[in-house]
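Novice: Could you build all of it, start to finish, from the sequences and the hints given here?
Protein chains: 4
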Amino acid sequence: MVIVMKPSAPKEEIRKIHDKMIELGCQVHPSEGDNYYLLGLVGDTSKFNQSQILANPHVDRVIRVTHPFKLAGRLFHPEDTVIDIGGHKIGGNNKPCIMAGPCSVESEEQLLTIARAVKSSGAQLLRGGAYKPRTSPYSFQGLGEEGLKLLLKAKEETGMPIVTEVMDTETFGTVEKYADVLQIGARNMQNFPLLKRAGRSNKVILLKRGLSATIEEFLMSAEYIMSEGNSKVILCERGIRTFETYTRNTLDISAIPVIQELSHLPIIVDPSHATGKWSTVEPLSKASIAIGAHGLIIEVHHEPECALSDGAQSLKPAKFEKLMNSINKIISINA
Amino acid sequence: MVIVMKPSAPKEEIRKIHDKMIELGCQVHPSEGDNYYLLGLVGDTSKFNQSQILANPHVDRVIRVTHPFKLAGRLFHPEDTVIDIGGHKIGGNNKPCIMAGPCSVESEEQLLTIARAVKSSGAQLLRGGAYKPRTSPYSFQGLGEEGLKLLLKAKEETGMPIVTEVMDTETFGTVEKYADVLQIGARNMQNFPLLKRAGRSNKVILLKRGLSATIEEFLMSAEYIMSEGNSKVILCERGIRTFETYTRNTLDISAIPVIQELSHLPIIVDPSHATGKWSTVEPLSKASIAIGAHGLIIEVHHEPECALSDGAQSLKPAKFEKLMNSINKIISINA
Amino acid sequence: MVIVMKPSAPKEEIRKIHDKMIELGCQVHPSEGDNYYLLGLVGDTSKFNQSQILANPHVDRVIRVTHPFKLAGRLFHPEDTVIDIGGHKIGGNNKPCIMAGPCSVESEEQLLTIARAVKSSGAQLLRGGAYKPRTSPYSFQGLGEEGLKLLLKAKEETGMPIVTEVMDTETFGTVEKYADVLQIGARNMQNFPLLKRAGRSNKVILLKRGLSATIEEFLMSAEYIMSEGNSKVILCERGIRTFETYTRNTLDISAIPVIQELSHLPIIVDPSHATGKWSTVEPLSKASIAIGAHGLIIEVHHEPECALSDGAQSLKPAKFEKLMNSINKIISINA
Amino acid sequence: MVIVMKPSAPKEEIRKIHDKMIELGCQVHPSEGDNYYLLGLVGDTSKFNQSQILANPHVDRVIRVTHPFKLAGRLFHPEDTVIDIGGHKIGGNNKPCIMAGPCSVESEEQLLTIARAVKSSGAQLLRGGAYKPRTSPYSFQGLGEEGLKLLLKAKEETGMPIVTEVMDTETFGTVEKYADVLQIGARNMQNFPLLKRAGRSNKVILLKRGLSATIEEFLMSAEYIMSEGNSKVILCERGIRTFETYTRNTLDISAIPVIQELSHLPIIVDPSHATGKWSTVEPLSKASIAIGAHGLIIEVHHEPECALSDGAQSLKPAKFEKLMNSINKIISINA
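Residue numbers (the working numbering), protein chains in the order written: chain F, 42 to 376; chain U, 42 to 376; chain C, 42 to 376; chain E, 42 to 376.
One thing to keep in mind: the hints can contain errors.
One copy or two, it doesn't matter: identical chains are merged, so the pair holds either way.
[As the list claims (entries may be wrong)] 27 angstroms max Cα-Cα, derived DSS-like pairs, lysine-lysine: (1) K318 - K88; (2) K57 - K357; (3) K218 - K237; (4) K47 - K318; (5) K111 - K190; (6) K136 - K190; (7) K363 - K196; (8) K244 - K357; (9) K160 - K57; (10) K318 - K57; (11) K136 - K196; (12) K370 - K47; (13) K237 - K88; (14) K370 - K136; (15) K244 - K196; (16) K52 - K111; (17) K363 - K136; (18) K160 - K136; (19) K47 - K360; (20) K360 - K370; (21) K52 - K130; (22) K357 - K88; (23) K47 - K88; (24) K318 - K360; (25) K370 - K130; (26) K357 - K61; (27) K318 - K218; (28) K237 - K194; (29) K194 - K160.
Since the hints were derived computationally from the structure, they do not count as laboratory data.
These numbers were taken from a predicted model, which means no experiment stands behind them.
Specialist: Here it is, written out as structure tokens:
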């Protein structure tokens, strides 16, 4: 940690901070320039309260040198994490893992039709929402536990492990009973009680990046889960909010290689939510696989014009089949 | 609602959508230009699923004409909502209501010292956090119910109603027992189970705008609360996330007059979180009062260098007193 | 164009606007709902001044239905534009065109060393800056015409056509004499006098997207150039400004398929400026080729630690060679 | 300047950088922690090329400690700059200076009608555009020199000094002949040749913040002008581009106190462009004056429904008069 004093800071104020830091157990390496004064702190500053130091009116800035995430970071865990989901491996050099299915579970027939289709095109995991976060209270809110039961039925028939969203601590236990992978949605990325509950689960957690979360905040949310004991965390980039409105969000594809530098956790891409337009899902999927994402999660619906949610970004099964062919070619040259 | 067809849409596809809309109970007014075809829909389209219509590959865009919020909007509720909090009125033409206190409740002595100070400077409500949402799992997470008890003690001594944050549905009942105003934080603005629970409370809810929430999404979150029966909602602008990093967030001050046009609910400003810097709190408070905000919520700490959270943006009591003098002058000319 | 009236608009005001529009030569198709009134305009509204209509206090919104770009759009020009640069074809189904070279031309030796290297790895065009836009007046501003002469020398030796930036109308004629492709930088995307000058040139123009330009504004800047008579415009996505600061900008990779839907012009990617980090240049290049970009423009330097500009994002020749191998594999499966 | 090495950096690489920095004339103060190594540099690092240092793969980050602007910053120029414009003083503790007039000069009658109106309401300077930057090549582009002549006529009649935009170096000399204050628009904030030309002028320059410019970049553009010898620079905050689309831009009102801390230059606000809506111009003006802006620049038109540009954000003279009354009350309590 480096403390930068204001040019106007009196010597005695600098001395006070200097002494305080030594008292807190640091070594202090000062550098004095013509117009600035720096204190380089060596020692365990991870518990230091940056905001307290900044409250001193003579302090200009406090710069953290090391990353605040320890468990999610590569520094103490250089090897890639590989997670097993019912026999499918995700992370490291494993073949990208494809999760596909409808936005919402709507009925047994709908779910089974789609599950069979995506399985036959090569998807490994089945996604489907039973509890749905919706911007409007007047929109379809999901089938709840009934939806979970249908997912289980689809799993029994197809053998595909289930990915489904969990929205709060109250229904966590219920979702945990049915699902193989519990998804925490973008709007809940900093729902800290939910993150802590996920940390006490032994299921795999799929954590989506918040619409306006920095990469550092994203990794800190993974850290929350891991700090409670669950290290089976898959990260998911799904588009961030920017000024561009032609697409619903902006896929931050650079985040894939950046997160792979910073963290050992698997990182996948959700190309469906990234733009909200079905016509860009295949191109974005190809780009994501080419850049090295560990997997994709894709919305598929056999009748998007009748889907109870996200019809606009859902692929029909034939288009999903075409997408799988495209990415398989890229996977083959990466191998 | 207006449906814009793609220039390439075949006549028969247009006819199909036309018939489908009539079947759904709308009148349809078509406009045909040289290079486009519009369908103007008249009737109750509020339950229409825009995403289903967009799933049709011949549809270019769907434009919603009326706002999706009904209870929070001015259209059916033109009069300003005024909310009474222990005798203090907020909203409409009432004098701005000032809420002040520490970021976190830390101890009895700390809380009472600050509560007395802000009361004597003219604050009406006491703020203080017992449950704290923190970006890092390693930061101070608040005193929990112990903090709520201290807030109650401070209320008994000073007579100030309490504003405090509630983070999840599990602790909602506990917070409800102690607090007069329950704050839903920016990171929980789209925590829909929490919003629904707040809608079943009879306490006042202070809803903060999310870091990347549009004004429409902000009002839809108020709509969630109101749709469950609780219409005592106070909105709070607290800065949005932009590319500018010199300040922690960017206060969207234009949102005040815009929200006052769109909604009848009271809207206040949090100048402390808006920038994260104590030196800008007074200037932003003056601007907020001048523009017509219904109140302010401000972090005050007698020893910000020792505060367990947000020291950098907390005002010392003497600076808060100066701020109150400044805004009182502006209030006097507005009156 | 659709005019949405405010719910409170008096009948006579609606009538006035209605008549005004007919007077301006439109047909007007009104749709009246319970709480709104729409006027659908049919006819040539491209010269209509939206801002004048919005100045009427009874008008809520004006929605443009057709895109404002005519020459750059696909509607009247459905076929892909293919541009020939000294025998290299760019656009349509042609093999992606790779432009590479140093950020700045620094010396004959530097330029020739790099030019030979990138040519031998398979680059088709040589990039290099002689006039440099720099955030600080104290940074190296480029060699000027001297730099252009060195570029010409490199072209003579290697046969590679030259891409170089032009910063103002005053030096346009000079740059035009030497260069094959004139680049207009992101900060000049809405320098309208410069765009008009480019429109009167018969050289190819490489137009970079502004840091905060929407896709529509980007295409309107191409429209400026084309409206003066020059239709040889190549678009370049180079990252937009968002809240994320870990990377210098955020590559908006979705813009590639979106622009290919909206426009017939070739669109390439600049992965070097997108993040400002050399380690992400190869991954982003692979993603860009996989998604279908018509080309890449990449900064290469044999001694980035000594580069007078942009060393941090420059690749060494060996890394560029590796990148070319990676993208050639992807090109081969696309073919 | 502080250089942060990667945790994996070998000792000999650190040593090389250490020696290189000493060779460049710095003192180097190293701090070694368990997982990091810092080099604190003391001496004149203003000419150091950060990008070259970052090109070293063992360097993690380079942190600049002092601000890169010298002439525009407060460090070496602690006193507020006050600029005289035809007897009207702007900056420091002077009464805020109000500039008003039409977006575009359209005709003699239009300009004189508006000029008389704004003067009688108390505006000090007359604004009006003769050269107009327009997003579309098909929009009205301004009257050019003819417009400047009309401005001069209005000045002769009303005595009001003129503020008008200059768009390029070619017409700079012409605009300079007529105007008292030359405005550089948001889209030209990083048009470096134009900034340099402005720096060689002896007229006052009004520099608008770019839509996506950070405060530091904004001050660096002022630095460009000042580094060529012209220190008469007025800064203007006019809204930045964010995700919020309800308003055209987001006024960054916090930038006013922040810039007043960092720089000695006057800073004014343009409330008309900030949102693009006339109904928010008065509220934003009050907020801007309350927060301490040194002035305002406001668009006024007697017939906004017929304005050739920006009708939607123009105030009618009666509304401008009301605005002046509102802000005069706030000015009186500030005094």
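Novice: All the hints need checking, so say for each whether the structure fits it.
Specialist: So, going through the hints one by one against the coordinates:
no. : hint        : in the structure
1   : K318 - K88  : between (44 angstroms within a copy, 21 angstroms between copies)
2   : K57 - K357  : between (67 angstroms within a copy, 20 angstroms between copies)
3   : K218 - K237 : both (18 angstroms within a copy, 24 angstroms between copies)
4   : K47 - K318  : between (50 angstroms within a copy, 15 angstroms between copies)
5   : K111 - K190 : neither (38 angstroms within a copy, 35 angstroms between copies)
6   : K136 - K190 : neither (30 angstroms within a copy, 50 angstroms between copies)
7   : K363 - K196 : within (24 angstroms within a copy, 43 angstroms between copies)
8   : K244 - K357 : neither (30 angstroms within a copy, 44 angstroms between copies)
9   : K160 - K57  : neither (66 angstroms within a copy, 32 angstroms between copies)
10  : K318 - K57  : between (58 angstroms within a copy, 22 angstroms between copies)
11  : K136 - K196 : within (22 angstroms within a copy, 44 angstroms between copies)
12  : K370 - K47  : neither (57 angstroms within a copy, 32 angstroms between copies)
13  : K237 - K88  : within (19 angstroms within a copy, 36 angstroms between copies)
14  : K370 - K136 : both (12 angstroms within a copy, 18 angstroms between copies)
15  : K244 - K196 : within (16 angstroms within a copy, 44 angstroms between copies)
16  : K52 - K111  : between (35 angstroms within a copy, 24 angstroms between copies)
17  : K363 - K136 : both (18 angstroms within a copy, 22 angstroms between copies)
18  : K160 - K136 : within (16 angstroms within a copy, 34 angstroms between copies)
19  : K47 - K360  : between (60 angstroms within a copy, 20 angstroms between copies)
20  : K360 - K370 : both (16 angstroms within a copy, 24 angstroms between copies)
21  : K52 - K130  : neither (58 angstroms within a copy, 38 angstroms between copies)
22  : K357 - K88  : between (51 angstroms within a copy, 24 angstroms between copies)
23  : K47 - K88   : both (24 angstroms within a copy, 22 angstroms between copies)
24  : K318 - K360 : within (13 angstroms within a copy, 35 angstroms between copies)
25  : K370 - K130 : both (20 angstroms within a copy, 26 angstroms between copies)
26  : K357 - K61  : between (63 angstroms within a copy, 21 angstroms between copies)
27  : K318 - K218 : neither (33 angstroms within a copy, 44 angstroms between copies)
28  : K237 - K194 : neither (29 angstroms within a copy, 30 angstroms between copies)
29  : K194 - K160 : within (14 angstroms within a copy, 58 angstroms between copies)
Consistency note: the structure conflicts with the earlier hints numbered 5, 6, 8, 9, 12, 21, 27 and 28.
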